[in-house]
Every structure is written in C-alpha cells, then in structure tokens.
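Asks: Add chain B to chain A, keeping to what the hints say.
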Amino acid sequence: DAGITQSPRHKVTETGTPVTLRCHQTENHRYMYWYRQDPGHGLRLIHYSYGVKDTDKGEVSDGYSVSRSKTEDFLLTLESATSSQTSVYFCAIGPTTSGANVLTFGAGSRLTVL
Amino acid sequence: RKEVEQDPGPFNVPEGATVAFNCTYSNSASQSFFWYRQDCRKEPKLLMSVYSSGNEDGRFTAQLNRASQYISLLIRDSKLSDSATYLCVVNGDSNYQLIWGAGTKLIIKP
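Protein sequence lines, in the order shown, are assigned to chains A and B. Remember, this note's numbering sits 1 above the position in the first sequence when you count from 1. Remember, this note's numbering sits 49 above the position in the second sequence when you count from 1.
With the rest of the complex left out, here is chain A:
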C-alpha cells in the first residue's frame, strides 16, 4: 500500500479552538487532497495541493486553510472549529499507477467538535 499516514486519527475538541490535521506521504506524489465525509454526502473536496506551496480551494473550503511546505506533508487547519466541522477527514494522494484520476487515501481522521 502507498505510504500515507494521517494524524491524529481521532480528536475531540471544543468549539472555537484551532485544530490541525496532518497528512504525511512517502510516495513523493505531487498532488495531495483533503476531503471530508459526512453521512448522506459523497466525499467533498476541501483543498488540494499540486506542489510545494501550491494549493487551491475545493468545494467546501470555508473555515479551512492548508499548507504544504514539503512534498511529503499537507496540513489542514481549522482556525476556529465549529460543530458543523465534525466529520471524518481523509487525505489522499495521486495520481497513481492505476490512472491519472485515481486516488489513494489515508486511514482518516475522525474529528468531533463539541
């Protein structure tokens, strides 16, 4: 399997606190993505990166920021967490040898905002 790890895997925090999720890859992939997954919704793209310091917004980027200072690390920050950001967050990398649009996902970070 591709080397992609997320941390923390579980986090409970309070409304208004900052939260940073980390995605680390050992595959040297150019593209990295942050998605959120909620019941009744498909995966929704928050932000993505196409290189070091090159990032762009996805469809649900409000309330989130990202940074990529090294190829292997992509950080997702919630500046001031809200209950609506309770979700499972997945990091993904691509493209893979299976195709340009094929992604490999990390194990997910489950965030609860009280």
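Read the hints as simulated data drawn from the structure, not as lab findings. There are no misleading hints in this set.
To list a few chain A residues with every Cβ distance to chain B over 12 Å, as calculated:
1) 16
2) 71
3) 114
If you want a taste of the chain A side facing chain B, the calculated C-beta under 7 Å gives, among others:
4) 41
5) 42
6) 43
7) 44
8) 91
9) 102
10) 106
11) 108
12) 109
No experiment lies behind these values; they were computed from the predicted model shown. Heads up, the beta-carbon is just placed ideally off N, CA and C, and yes, glycines get one too.
Replies: Chain B in isolation, oriented as in the chain A frame:
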C-alpha cells in the same frame, strides 16, 4: 439534483447471489468513471475504473451507459467479504475535480 446519485441501500443479498446497482451522473462531459469500495470506518479504496466498452475484473463487471448517463456495477457469486459501501466517482469539469456519490451499502448474508 445531485451531480452523482446512488441508491443508499442497504442491499441485503444472500451469499452466492448476483447483485447490481447503478449510479447516475449529471455532467454529460464526464470522461472518467470509477467504483471505490469502503469498508465500515475505513478509507475508500479503488475497486475498478469503468471503461467505455465495459470491463470485468473477476466477479465484478462495470458498465457505462453514456446515453442514459449512468454506470453500473455487477457482482456475481457474492461473498460475505463483499459487504461494504460502494462509491461511484465521476470526474467534473476539470481534471482534478472528482464528484463522489454518497455510496450504496451492500450486506451479504450467509
């Protein structure tokens, strides 16, 4: 209307049976289609890409119907281990943009 729609299920199917489910998409310009599998509380994993002429991988067959804008997944001789949620994915207006269905839950019963 959602861009990618799937019947959420669950589909309860006896072991050994054949099951099929569809996924409809709204963007007629979409060119890339995939099925991912997601086990409970795990990450999505690619099951198979869907090609224009249809394709098969063991017990799994994927079909694309451009005229009616849907893709399908057929599972033959279902196994208990096939129990999972199957996610349909279609590319959007740009190459990086993937639109995900909410998934169809499949439960295979002994």
